[in-house]
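**Q** With these hints in hand, go ahead and build the complete structure from the sequences.
Quick note, the sequences are listed as chains L and R, same order.
Just so you know, the working numbering puts 74 at position 74 of the first sequence, and the rest follows in order with no gaps.
Just so you know, the working numbering puts 1044 at position 44 of the second sequence, and the rest follows in order with no gaps.
Quick caveat, the hints were computed from the structure, so don't treat them as lab data.
Each hint should be verified, as a subset may be incorrect.
[To be verified] Below, computed lysine-lysine pairings styled on DSS-like, alpha-carbon distance capped at 30 Å: (1) L:K62 / L:K44; (2) L:K78 / R:K1098; (3) R:K1098 / R:K1071; (4) R:K1056 / R:K1068; (5) L:K78 / L:K44; (6) R:K1042 / L:K78; (7) R:K1042 / L:K15; (8) L:K71 / R:K1098; (9) L:K11 / L:K83; (10) L:K62 / L:K78; (11) L:K62 / R:K1098; (12) R:K1042 / R:K1098; (13) L:K44 / R:K1071; (14) R:K1068 / L:K15; (15) L:K11 / R:K1042; (16) L:K71 / R:K1042; (17) L:K15 / L:K78; (18) L:K11 / L:K71; (19) L:K11 / R:K1098; (20) L:K44 / L:K15; (21) R:K1042 / L:K83; (22) R:K1068 / L:K83; (23) R:K1068 / L:K44; (24) L:K44 / R:K1056; (25) R:K1098 / R:K1068; (26) L:K62 / R:K1042; (27) L:K78 / L:K11; (28) L:K62 / L:K15; (29) L:K15 / L:K83; (30) L:K44 / R:K1042; (31) R:K1056 / R:K1098; (32) L:K11 / L:K62.
[Said to hold, decoys possible] Chain L is faced by these chain R residues, among others (derived, beta-carbon under 8 Å): (33) G1043; (34) R1057; (35) Q1058; (36) K1098.
Note that the coordinates shown come from a computational prediction; the quantities given were computed from them, not determined experimentally.
For glycine and all other residues, C-beta sits at the position ideal for the given N, C-alpha and C.
Single-letter residue listing:
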Amino acid sequence: EAGVAQSPRYKIIEKRQSVAFWCNPISGHATLYWYQQILGQGPKLLIQFQNNGVVDDSQLPKDRFSAERLKGVDSTLKIQPAKLEDSAVYLCASTDGRSWSYNEQFFGPGTRLTVL
Amino acid sequence: GESVGLHLPTLSVQEGDNSIINCAYSNSASDYFIWYKQESGKGPQFIIDIRSNMDKRQGQRVTVLLNKTVKHLSLQIAATQPGDSAVYFCPLSGGYNKLIFGAGTRLAVHP
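**A** And the structure:
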């Protein structure tokens, strides 16, 4: 079974530039997550999708971050404009969502963003 | 409220020894308690989980112990190998398919 795919793996930009990350979840997984992981910290949930609808985006900085999952499959996360503190690894995860309370989340390898 | 805490940020062990990684939690309402492992340059990977009505569950070389009385969770790794070197997380199950991660414990395995 193919895992969660993310691209690009690495990105270096200057502050105030824009950047976009792409994620393709495991086939058939209804729930998709974007996490931000700053060096030395655990992943922090930014947004959770159920199919093409947003379940939770309470920790997404909406003034600069946006995410979409238009057809309920792959997803993009965009930052515009980027700040130095956005330097982090952006992880995408998916789950089949069959259980209400808990399902194993499968993570992609992440995109490491460096903002200069 | 929900919180995750790990007793030690870094744990160093000799190859072949047993490792014990501890986790304290505050949310008693969780149905599941979960361990994830994150190797350098990779995303977190599920290791093992335990339901709240159990106190012990064993996997391959790993055992998870749950003590709900003192709100303590531990992961035991038998015969630790270099490939076990990683950061270990015990995220809280935060409601509808949500995971809330703390900082994790780094396990360093020395030959």
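**Q** With a cut-off of 30 Å on the C-alpha distance, tell me whether L:K11 and R:K1042 pass.
**A** OK: L:K11 and R:K1042 at ~16 Å, within 30 Å.
**Q** Double-check R:R1057 for me: the hint is only fine if its C-beta lies closer than 8 Å to a C-beta in chain L.
**A** At 14 Å from the nearest chain L Cβ, R:R1057 fails the 8 Å test, so the hint is violated.
**Q** Given a cut of 8 Å on the nearest C-beta pair, is the interface hint for R:K1098 held or broken against chain L?
**A** This hint holds: R:K1098 lies near chain L, its Cβ roughly 7 Å from the closest one there, short of 8 Å.
**Q** Is the Cα-Cα distance between R:K1056 and R:K1068 30 Å or less?
**A** With Cα atoms ~11 Å apart, R:K1056 and R:K1068 stay inside 30 Å; holds.
**Q** Within a Cα-Cα threshold of 30 Å, do R:K1098 and R:K1068 meet the stated pairing?
**A** Holds - the C-alpha atoms of R:K1068 and R:K1098 are around 21 Å apart, at most 30 Å.
**Q** Holds or violated: R:K1098 and R:K1071, Cα atoms, limit 30 Å.
**A** Measuring from Cα to Cα gives roughly 20 Å; hence the hint holds.
**Q** Checking one constraint from the list: CA of L:K62 to CA of L:K15, max 30 Å. Satisfied?
**A** 17 Å, holds
**Q** Checking one constraint from the list: CA of L:K44 to CA of L:K15, max 30 Å. Satisfied?
**A** 22 Å, holds
**Q** Against the 30 Å threshold, does the CA-CA distance of L:K78 and L:K11 hold or violate the hint?
**A** Roughly 13 Å separates the two Cα atoms, so the pair holds.
**Q** Starting from L:K62, check that the Cα of R:K1098 is at most 30 Å away, please.
**A** With a Cα-Cα distance of about 20 Å, the restraint between L:K62 and R:K1098 holds, given a limit of 30 Å.
**Q** Against the 30 Å threshold, does the CA-CA distance of L:K71 and R:K1042 hold or violate the hint?
**A** With Cα atoms ~27 Å apart, L:K71 and R:K1042 stay inside 30 Å; holds.
**Q** Is the straight-line distance between the alpha-carbon of L:K11 and that of L:K62 30 Å or less?
**A** Holds, at about 21 Å.
In summary, the structure is inconsistent with hints 14, 22, 34, 35 from the numbered list given earlier, while agreeing with the others.
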